[in-house]
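Sequential numbering of the sequence shown, starting at 1, is according to the working numbering.
Please keep in mind that the hints were generated in silico from the structure rather than gathered at the bench.
Among the hints, a few may not be true.
Here are the simulated lysine-lysine pairs, DSSO-like style, with alpha carbons at most 30 Å apart [said to hold, decoys possible]: (1) K127 / K108; (2) K152 / K127; (3) K79 / K152; (4) K3 / K108; (5) K79 / K3.
Simulated restraints, written as ranges between beta carbons of each label pair [to be verified]: (6) C4 / E169: 26 to 36 Å; (7) R54 / K152: 25 to 35 Å; (8) D8 / D114: 42 to 52 Å; (9) D53 / L157: 24 to 34 Å; (10) R120 / H36: 44 to 54 Å; (11) D21 / I106: 42 to 52 Å; (12) R54 / C4: 14 to 24 Å.
Note that the Cβ used here is the ideal one computed from N, Cα and C, for glycine as well.
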Amino acid sequence: ALKCSLIDQIVVSTDDQVVKDIICRYDIECFDRPPHLAHETARTFDVLVDVIDRLESTPEFLVLLQATSPLREIDLIQKGLYMIESNPEASSLIAVYEHRIFTGQIRKGYWLSDYPEEIRSQDIPAKYVPAGSLYIYRVSDTIEKCDPFGNKVLPILVDETQSVNIDYEDDFIKLEYVFAK
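Model the full structure from these sequences, guided by the hints.
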């Protein structure tokens with residue numbers, strides 16, 4: 001965010017003193033996250049609403065860079081902002097990666113494939129998974145309407161091998177590996 005010339009203001013919402021101590025070294029504002037938004041099951045969207053409510057003026061776009069997805073290419077934010085600015089119908093933008101996986105379901109205790117056994121994994125229809133590394137909201141179409149993504153979400157494709165979303169302790173192993181590469 002600090003390296004993106006298109007960003008006018010950087011805000012971190014946290015209740016963590018260590019994070020606050022780090023933030024004070026940079027040109028970044030810190031909003032004390034209220035207790036009702038500082039717990040494991042708090043919704044990110046509610047935190048975004050809180051941030052927007054506390055800003056002096058409402059921006060056209062809000063860029064979310066989640067701490068749980070610490071890796072992103074330097075120009076990803078700029079590319080995303082150019083994409084959403086050039087598409088006025090888009091309500092938001094999300095970084096996604098393509099994933100092809102042979103899936104199935106368990107029904108009545110037995111596994112049932114979603115695909116015929118003879119299908120090659122290369123022929124499985126692509127699914128797109130949120131990478132977690134970038135979300136951009138057109139504030140008037142999302143946050144002001146209490147609609148987390150709005151009705152027209154632009155995808156920006158990122159490389160799955162560089163996407164790490166830390167949800168579980170094992171994800172730190174992947175993060176260390178990808179960061180080293």
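We went through each hint and held it up to the structure:
1. K127 / K108: holds (26 Å)
2. K152 / K127: holds (18 Å)
3. K79 / K152: Status holds; Cα separation ~18 Å.
4. K3 / K108: violated (53 Å)
5. K79 / K3: holds (13 Å)
6. C4 / E169: 26 to 36 Å: holds (31 Å)
7. R54 / K152: 25 to 35 Å: holds (27 Å)
8. D8 / D114: 42 to 52 Å: Holds: the Cβ-Cβ distance is about 45 Å, inside 42 to 52 Å.
9. D53 / L157: 24 to 34 Å: holds (33 Å)
10. R120 / H36: 44 to 54 Å: Given a distance of about 49 Å, which is inside 44 to 54 Å, the answer is holds.
11. D21 / I106: 42 to 52 Å: holds (47 Å)
12. R54 / C4: 14 to 24 Å: holds (22 Å)
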